[in-house]
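Going line by line, the protein sequences match chains A and B. Going by this note's numbering, the first residue of the first sequence is number 1, and it counts up by one from there. Going by this note's numbering, the first residue of the second sequence is number 556, and it counts up by one from there.
Hints may be right or wrong, so weigh each one.
As the list claims (entries may be wrong) - Here chain B is said to cover these stretches of chain A; the calculated rule only asks that three of the stretch's residues, wherever they fall, bring their Cβ under 8 Å from a Cβ of chain B: (1) 169-176; (2) 484-494.
Unchecked claim - Over 12 Å on every C-beta distance to chain B, these chain A residues come out as not near it, computed from the model: (3) D17; (4) H23; (5) A41; (6) P58; (7) L65; (8) R69; (9) R98; (10) K281; (11) S371; (12) T468; (13) G502; (14) H508.
Said to hold, decoys possible - What follows is a set of in silico ranges between Cβ atoms, one per label pair, in the way DEER data are often shown: (15) F380/A with R844/B: 24 to 32 Å; (16) F380/A with G947/B: 51 to 59 Å; (17) A707/B with S541/A: 27 to 35 Å; (18) R863/B with P49/A: 54 to 62 Å; (19) G752/B with F380/A: 20 to 28 Å; (20) A449/A with E621/B: 58 to 66 Å; (21) E287/A with R559/B: 55 to 63 Å.
Source of the hints: derived by calculation from the structure; they are not laboratory data. Think of the CB as a built atom: it goes at the ideal place given N, C-alpha and C, for glycine as much as any other residue.
The lines below spell out each chain.
2 protein chains.
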Amino acid sequence: MTRRRDALRWNGWGLADKTFDLHGRDEEVWTVVREALGMSALPSTPAVPLDAVALAEPQLDGAFLERLRALTAPERVLTSAFERALHAVGKSYYDLVRARAGELPDAPDAVVYPEGHAEVVAVLAACAEADVAVVPFGGGSSVVGGVEARRAGHAGLVTLDTTRMDRLLELDETSHTATFEAGIYGPALEAKLAERGYTLGHFPQSFEFSTLGGWIAARGAGQQSNRYGAAAKLLLGARVATPRGEWRTQPFPGSAAGPDLNHLIAGSEGCLGVITEATVKIHPLAEARDFVSFLFRSWESGTDAVRRITQAELPIATLRLSDAEETRFYGAFNAALRPSKVQEVALDALGAVGFDAPCVLMVGFEGSAASVRATWRSAFALAARAGGLYVGRGPGNRWYEHRFEMPYLRDPMLDRGVGIDTLETSTSWSNVDRLYRAVTGAIRGALEAGGHPGVVLAHISHTYLSGTSLYFTFVFPRDLDDPVGQWRAAKDAASRAISEHGGTISHHHGVGTDHAPWIGPELGALGVDVLTAAKERLDPSGIMNPGKLLPPTRA
Amino acid sequence: MTRRRDALRWNGWGLADKTFDLHGRDEEVWTVVREALGMSALPSTPAVPLDAVALAEPQLDGAFLERLRALTAPERVLTSAFERALHAVGKSYYDLVRARAGELPDAPDAVVYPEGHAEVVAVLAACAEADVAVVPFGGGSSVVGGVEARRAGHAGLVTLDTTRMDRLLELDETSHTATFEAGIYGPALEAKLAERGYTLGHFPQSFEFSTLGGWIAARGAGQQSNRYGAAAKLLLGARVATPRGEWRTQPFPGSAAGPDLNHLIAGSEGCLGVITEATVKIHPLAEARDFVSFLFRSWESGTDAVRRITQAELPIATLRLSDAEETRFYGAFNAALRPSKVQEVALDALGAVGFDAPCVLMVGFEGSAASVRATWRSAFALAARAGGLYVGRGPGNRWYEHRFEMPYLRDPMLDRGVGIDTLETSTSWSNVDRLYRAVTGAIRGALEAGGHPGVVLAHISHTYLSGTSLYFTFVFPRDLDDPVGQWRAAKDAASRAISEHGGTISHHHGVGTDHAPWIGPELGALGVDVLTAAKERLDPSGIMNPGKLLPPTRA
């Protein structure tokens, strides 16, 4: 079954009763953060309670709400302050800064929870007729403004929460495919597949609080995407509810019957319709799994190793190379959280071999025991040849064990005057260094210019024959007078650097509202025209997720 | 350099001075064909010469031709009967039947050979302004009517031959990518890559007479697609000339910046614009290559083996399973062409183990020597466990050596009253048998109903985790009174069977004119609407390749 809504944190990550476990070492950990940011003390900056949030006056009349209830069920059309606030924004830093200050830009007039494709079609038709904007909402974990409540001049605004559509409809064990309702959360989906011995293999950091439909709509990528493919590659066929009715693609393994419209559905971000069902590729559960780590003398030598391992086309599940800043920051963080003599000894040893600013590479393997063994041997040889120093299984296993917990760390940081945001891109191998330097430099420069210098961390986490993703995390002392302006300056600087230095504006977070201004430069005028044409055809009244994906002037 | 036009056969396959080599065993080979079809004799049915073809009166005036010459060059706008006939149709059975009878449905008023993207943009703008239809034409090897000259009510018709755009623009050895002008033929492309130690790995049967742009536009697939991916998967970024100017996609390795428009370009079949340049993934030349074959007792056991090998995710280059009819037909053909005592002994042995209707599976490996050895061991184990009998390297090596020559066999067949056509589809593994039976039965039934029963051969040649392609060849005594009606009856029956039994109307030949009527049922009304919207936006006057891809009423 789906998650109870009232168990969720409306203005932060995940479950309301869960926090990041600091193992009682709060003081040590916060000292590391404080010192890294050069702050003399961490201020107390708590969030306002829900009843201090001034939600916009609802604009839908009772008759329309009754109509929605008739099309679904009375208990599935909700207008409480909690539901409206929970569905007002996603989970980006920008979202949380506003929610925690009680300043939500807008909120849906109502939240509707359809059960099944037919109900979604009926709701969209009613909304189109009444000129009511619709924001499709799965787990709501977007970090780019993809689920922000924007009415854009429409007569009303409804958020359509898909999470009660969570059934497994078919599992074809011969064809290794499964058809799910698209509102199913990650853990429920994997549990249903595991019962029969399968996995989808899609494990984004948001896994516990995101849905199949959201992964596809935003073209997400999981931590084992090298092995299983990103969301767009997992998709074989979809059923989409649009304001004009059902649009579906058939799950053929390959086809030359014109363009592949699955790739128009993947990445459509709710602007063309609501993905209600999806047929996806599944894999037998891996028999074996292993994580090993290497240290490299420099970012360049690590990147070179990652490229060589990738281009050797080994069936590796995860390749994750942190730059020196990220290696150092998380090294200090982990040492504070779980101190050990071994760490000190290891760091001394590194100094002795001249690794002044080491970069850690984690390599993950999944598959048959034989394949994991063989792949590990090949990867080890390539990493060693490129100058990698083997440092065992500890860092990788620790990462794997806690890989869904990091988002819980953001809320206590925000409580202490510390900001943290992430953004990502991809580019060709020959352009990686140039883009890496441009983006880290741009973020660092913007934070410094605002008078609150921070740390900028980067890693590679999804690799391809022709290039790689680059993921950036920046941690900074919050400007308590103008937190939004501070964030926007850093975000704009990073986006400009990406756009001007050969990167895509997003590798796996999506476009949403945050990246919409950069879609024009990336796709060009005719690329935007093609998307606009598709939208106008399927959504003539423009009610689907206004303000997302397309450039602001076209939305 | 590109191929000289006058070296090409205007009404048949390939080079005018080359024919299928029968090793002087013409009588034996034709006896096999005649007996397989139950014909008492093979009639003489030669093609008419070019000067017996009544080409439609050109409709473009001299002033417009002068304008095209000014935009390109005087010697690159041609109106000779040879050029017009060569560019009137593609290379399908239906095309050749008409060309050989001197009955071409229409022909372009002129053929223009632009050199470079800017010239194509200028030509398209001029044609849009003058309401002149444009058929983009690469190698012209379409077997689905993809390059047929159709003016569809426009004031004139120009075929735009891309083959003088054949430069390698960039090779990035770090990122394993290459950017080519899209009119380059297969052999020239591979030669340019081989000079630097790389391959694209795209080897369709049409390889010698098809172009990079054509492969992408039709979503083609090569014989090693299991290893290198079909054309749509090779594409990283494209430059497209449209009537509204340049449309380009950037070659990011992965992106979540909205839908992936490369997948709208791949499969667009010249209806949205002309692909002028493409950036594609390349691979280091394989160090080793191997082909081995197995015999299976039945189609079902062979299919099961192919599925298990595929789902084991081994890096295999080619898996090609022939059904019993195809195994028998080509077995007899090869025995006539290259007789050997070994064949007779082998067939006796098979009878002895109860393989009454054996199906041959050819498995191809490419990669490092170590990977080929390891993969071969794993594949052997899986094939043997599924009941496969190892029969050595002979059949595979013979297939590889002659893999581009089979199309040359069609012309002498047509000279002798024998027809041959092919079509293909794909479906999920759980539906393979049902679709296989439906399509072979439909073709066989249609040929019988027409009074000229033939043989229907089938094979699997491109496999995926979730399913496989199915390729059908049918050979039949031509109905000399109504060859087009005979072909259409068989084609319609096959297309209906595919559409009604869970197949895609094409796995890698494309849509063209032949499959356009089946696109509506396959994509659904809203799927067709989306494509129509894209076309109307990029090609407002509807000049680009009319009659292709979209359903007839929408074209």
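Status of each hint after checking the structure:
1. 169-176: holds (count 4)
2. 484-494: violated (count 0)
3. D17: 32 Å, holds
4. H23: 35 Å, holds
5. A41: 39 Å, holds
6. P58: Holds, because the least Cβ-Cβ distance between P58/A and chain B comes to about 31 Å, which exceeds 12 Å.
7. L65: 29 Å, holds
8. R69: The assertion about R69/A holds, with a minimum of 28 Å to chain B.
9. R98: 23 Å, holds
10. K281: 6 Å, violated
11. S371: 8 Å, violated
12. T468: 7 Å, violated
13. G502: The assertion about G502/A is violated, with a minimum of 8 Å to chain B.
14. H508: Non-interface label on H508/A violated, nearest chain B Cβ at 5 Å vs cutoff 12 Å.
15. F380/A with R844/B: 24 to 32 Å: 27 Å, holds
16. F380/A with G947/B: 51 to 59 Å: Taking Cβ atoms as reference, F380/A and G947/B lie about 36 Å apart, which means the hint is violated.
17. A707/B with S541/A: 27 to 35 Å: Distance hint for A707/B, S541/A holds at roughly 33 Å.
18. R863/B with P49/A: 54 to 62 Å: Holds - the Cβ-Cβ distance for R863/B and P49/A, about 59 Å, lies within 54 to 62 Å.
19. G752/B with F380/A: 20 to 28 Å: At roughly 26 Å between Cβ atoms, F380/A and G752/B fall inside 20 to 28 Å, so the hint holds.
20. A449/A with E621/B: 58 to 66 Å: 60 Å, holds
21. E287/A with R559/B: 55 to 63 Å: Distance hint for E287/A, R559/B holds at roughly 57 Å.
Checked against the numbered hints above, the structure violates hints 2, 10, 11, 12, 13, 14 and 16; every other hint is satisfied.
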